[in-house]
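**Student:** Each chain is listed here by its residues.
6 protein chains.
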Amino acid sequence: MHTVIQVTQSFEFSASHRLYCSSMSEDENRQVFGKCANKNGHGHNYVVEVTTCGQPHDTTGTVVDLASAQRVVKDRVIDRFDHKHLNHDCEEFRSMNPSVENIARVVWDRLHGQFGQAELARVRVWETPKTYAEYDGED
Amino acid sequence: MHTVIQVTQSFEFSASHRLYCSSMSEDENRQVFGKCANKNGHGHNYVVEVTTCGQPHDTTGTVVDLASAQRVVKDRVIDRFDHKHLNHDCEEFRSMNPSVENIARVVWDRLHGQFGQAELARVRVWETPKTYAEYDGED
Amino acid sequence: MHTVIQVTQSFEFSASHRLYCSSMSEDENRQVFGKCANKNGHGHNYVVEVTTCGQPHDTTGTVVDLASAQRVVKDRVIDRFDHKHLNHDCEEFRSMNPSVENIARVVWDRLHGQFGQAELARVRVWETPKTYAEYDGED
Amino acid sequence: MHTVIQVTQSFEFSASHRLYCSSMSEDENRQVFGKCANKNGHGHNYVVEVTTCGQPHDTTGTVVDLASAQRVVKDRVIDRFDHKHLNHDCEEFRSMNPSVENIARVVWDRLHGQFGQAELARVRVWETPKTYAEYDGED
Amino acid sequence: MHTVIQVTQSFEFSASHRLYCSSMSEDENRQVFGKCANKNGHGHNYVVEVTTCGQPHDTTGTVVDLASAQRVVKDRVIDRFDHKHLNHDCEEFRSMNPSVENIARVVWDRLHGQFGQAELARVRVWETPKTYAEYDGED
Amino acid sequence: MHTVIQVTQSFEFSASHRLYCSSMSEDENRQVFGKCANKNGHGHNYVVEVTTCGQPHDTTGTVVDLASAQRVVKDRVIDRFDHKHLNHDCEEFRSMNPSVENIARVVWDRLHGQFGQAELARVRVWETPKTYAEYDGED
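Chains as they are written, first to last, in the numbering used here: chain F, 1 to 139; chain C, 1 to 139; chain R, 1 to 139; chain L, 1 to 139; chain G, 1 to 139; chain P, 1 to 139.
If you are wondering where the hints come from, they were derived from the structure by calculation, not from laboratory data. A virtual CB, placed ideally from N, CA and C, is assigned to each residue, including glycine. Be careful, since some hints might not be right.
Under the rule of at most 30 Å between Cα atoms (straight-line distance), these lysine-lysine pairs were calculated in the DSS-like manner [what the hints assert, rightly or not]:
1. K35(L) / K130(L)
2. K130(R) / K74(C)
3. K74(L) / K130(L)
4. K74(P) / K74(L)
Selected chain R positions facing chain G (in silico; Cβ < 10 Å) [said to hold, decoys possible]:
5. L19
6. G34
7. C36
8. N97
9. P98
10. S99
11. E101
12. W108
13. R124
14. A133
I would like the entire structure built from these sequences, with the hints used as guidance.
**Tutor:** Set out below in structure tokens:
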């Protein structure tokens with residue numbers, strides 16, 4: 001069979017962040033981001049869903065080796081952001097607002113091209129159980 | 001970066017409905033909808049997932065202001081349907097069967113074009129934790 | 001071994017209800033119950049958790065036969081309330097307000113003593129994913 | 001209105017499986033699949049999400065009769081795999097590794113063309129609450 | 001009927017914290033709390049479950065007015081901790097380590113005696129979907 | 001403060017089992033356990049909730065060191081049962097039916113007394129998202 005299958009794995013990290021743009025005044029930040037701009041930040045249990053896709057291997061019938069894929073995501077994303085303050089501890093977000101949209105883009109960039117034969121198809125980042133951003137590499 | 005990101009927010013309302021088409025006889029309604037056609041109706045905790053998409057703002061890195069988007073959905077959808085009997089209390093469903101598919105279409109129509117720069121990409125309505133309908137505006 | 005084990009099974013029904021006490025005026029009902037007193041009612045996907053307890057059977061190591069227990073709950077609770085309007089269709093709630101507390105009591109009364117050797121230990125009724133009432137038979 | 005709506009229903013089955021390719025040696029299987037290749041197998045509570053799509057019926061406003069669709073999935077998928085050892089009890093997987101990707105393909109094949117007017121749009125199979133495969137018929 | 005019923009309501013807040021005891025050295029903190037002691041803190045979506053109990057009111061059949069109870073918890077707990085850094089922004093945790101156990105005790109103290117006729121029976125605080133602390137006032 | 005707090009942590013393992021008592025005939029097993037007695041077994045994603053209790057430490061405010069407790073449960077329970085066939089691979093269940101009640105008892109016995117100052121208060125084992133057994137050491 002010649003088919004394309006998607007495989008999705010789910011991961012978690014706990015981090016602090018503050019919605020804040022240094023190019024805007026304190027007042028503007030407060031106006032745009034409300035309590036999310038509080039000076040000392042707040043935090044979330046983030047959930048990252050990583051979707052890869054490709055043709056299942058003729059013999060094994062798998063698109064991606066799940067254990068290897070887990071290691072990639074752990075090394076390149078979870079260990080980097082888990083138990084960190086995104087604005088202070090993570091270079092990416094020193095000058096870029098750690099909105100959930102920007103986190104999704106950054107996770108995409110850190111994972112794109114890292115799964116061998118399988119392609120990265122989609123990254124979904126949940127900030128709370130009620131809100132997520134999703135990026136599929138579309139320009 | 002020039003990218004398109006999706007953002008999804010989740011909402012809830014509790015409502016009654018009865019699956020019933022006035023153009024069909026009682027017997028036909030019973031045959032087609034079974035116990036869902038019971039005269040006094042039954043109810044659900046509906047969950048509405050609203051997905052908007054667009055390019056993140058250059059400075060803020062957000063696609064949509066989450067708080068404003070929440071107000072739009074609350075005003076135009078949740079307050080209208082929450083703690084109501086859809087067939088009796090909501091004009092839309094007086095002559096249209098409140099199937100979960102029709103509810104998804106109606107929610108789409110009430111939200112389409114209401115998110116400024118961001119576009120409505122998808123509406124998903126869960127009737128139970130096991131069943132949902134989804135509409136993305138496709139004709 | 002001489003031990004007491006609890007076993008919990010989960011069930012669902014979808015129903016309408018209206019919070020309303022006939023001994024109170026319309027205004028009082030509105031004041032006490034707010035939008036929950038809306039005339040045409042609203043609805044929920046109720047979840048019922050039934051906990052039985054007892055000593056595991058010497059040979060089988062089970063407290064209760066799960067399939068039989070399911071039949072009991074289905075016959076005595078789920079079939080009675082599913083796809084009904086509690087106030088109009090269910091005798092119990094004609095003169096008793098179908099608050100989640102009262103539903104828990106009624107479910108307890110309908111299940112108590114129905115599980116053979118195993119005792120009913122607890123009934124939990126979820127009205128929404130955020131609110132439940134629980135009754136353990138305590139006077 | 002001329003619109004295309006998707007409807008998704010969710011199902012469960014509990015099964016054993018062993019990741020194992022008979023064309024590979026024991027050592028290779030162990031190397032590729034790790035503990036998933038353990039000789040006596042292990043098991044999962046699988047969740048199957050079935051998505052159909054189509055134009056809602058002019059009168060009833062439904063894409064698919066939910067009760068009929070449930071019967072189809074129960075007959076053709078759930079009853080076949082529930083409480084089985086996939087490798088030993090299910091012909092499909094005697095010579096094909098029961099990876100979650102292959103299970104998704106097999107479920108697709110067993111459901112494709114079985115929903116009358118509505119088309120099968122997508123099959124998603126969860127192996128654990130953190131991992132799923134998805135197939136939409138794409139070659 | 002003379003019965004005691006429990007009612008549980010669920011709430012959420014997003015906050016940062018750092019596990020840290022000022023009476024211990026940096027090294028000791030690091031040894032005891034690992035990455036949870038990282039200087040800039042990390043965060044969680046906390047879930048607070050508040051259980052009250054009492055006899056249902058003779059007429060209304062309710063133990064507690066759900067809307068009033070919500071206001072109490074919102075005013076006394078959620079607004080105080082939501083979108084805050086617990087160690088820096090909340091007086092309680094300036095000199096007390098904001099472990100999930102201590103958060104549960106503090107929430108208990110802020111809610112005890114605040115529900116009129118109904119008694120506070122239990123406070124459960126989830127730090128992640130996999131870890132919670134619970135306090136029922138037992139000395 | 002002199003208080004007793006409970007702390008609960010959640011774990012998962014995937015395993016096969018077959019409900020079967022060697023002291024009963026094939027027919028009796030089939031009659032009592034239905035499809036759960038199928039010869040080749042079936043499987044589940046088990047979830048184990050471990051509750052410990054005690055007085056929070058004066059300085060750290062914790063009842064149990066979460067990381068240490070995780071290691072104990074991983075070493076003594078998860079590694080032992082994960083990706084195994086309980087009847088064939090685990091000595092405990094060679095002559096004892098691996099009912100969810102018996103699994104809860106066995107987990108209790110393997111964890112009791114292993115948490116230092118903190119006491120084991122309760123073990124809950126979920127066999128499916130709808131069924132669990134719970135044991136608190138009560139004789």
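**Student:** Indicate, hint by hint, whether the structure satisfies it.
**Tutor:** Outcome of the hint check:
1. K35(L) / K130(L): holds, 18 Å
2. K130(R) / K74(C): holds, 19 Å
3. K74(L) / K130(L): At roughly 24 Å apart (the allowed maximum being 30 Å), K130(L) and K74(L) satisfy the hint.
4. K74(P) / K74(L): The given pair, whose Cα atoms are some 36 Å apart, is violated under the 30 Å limit.
5. L19: Since chain G brings a Cβ to about 8 Å from L19(R), closer than 10 Å, the hint holds.
6. G34: holds, 6 Å
7. C36: holds, 9 Å
8. N97: Check passed: Cβ of N97(R) comes within 5 Å of chain G, closer than 10 Å.
9. P98: holds, 8 Å
10. S99: Given a least distance of 4 Å, the restraint on S99(R) holds.
11. E101: holds, 5 Å
12. W108: Hint on W108(R): holds, closest Cβ of chain G at ~9 Å, below 10 Å.
13. R124: This hint holds: R124(R) lies near chain G, its Cβ roughly 9 Å from the closest one there, short of 10 Å.
14. A133: This hint holds: A133(R) lies near chain G, its Cβ roughly 5 Å from the closest one there, short of 10 Å.
Violated hint for the displayed structure: number 4, the only one.
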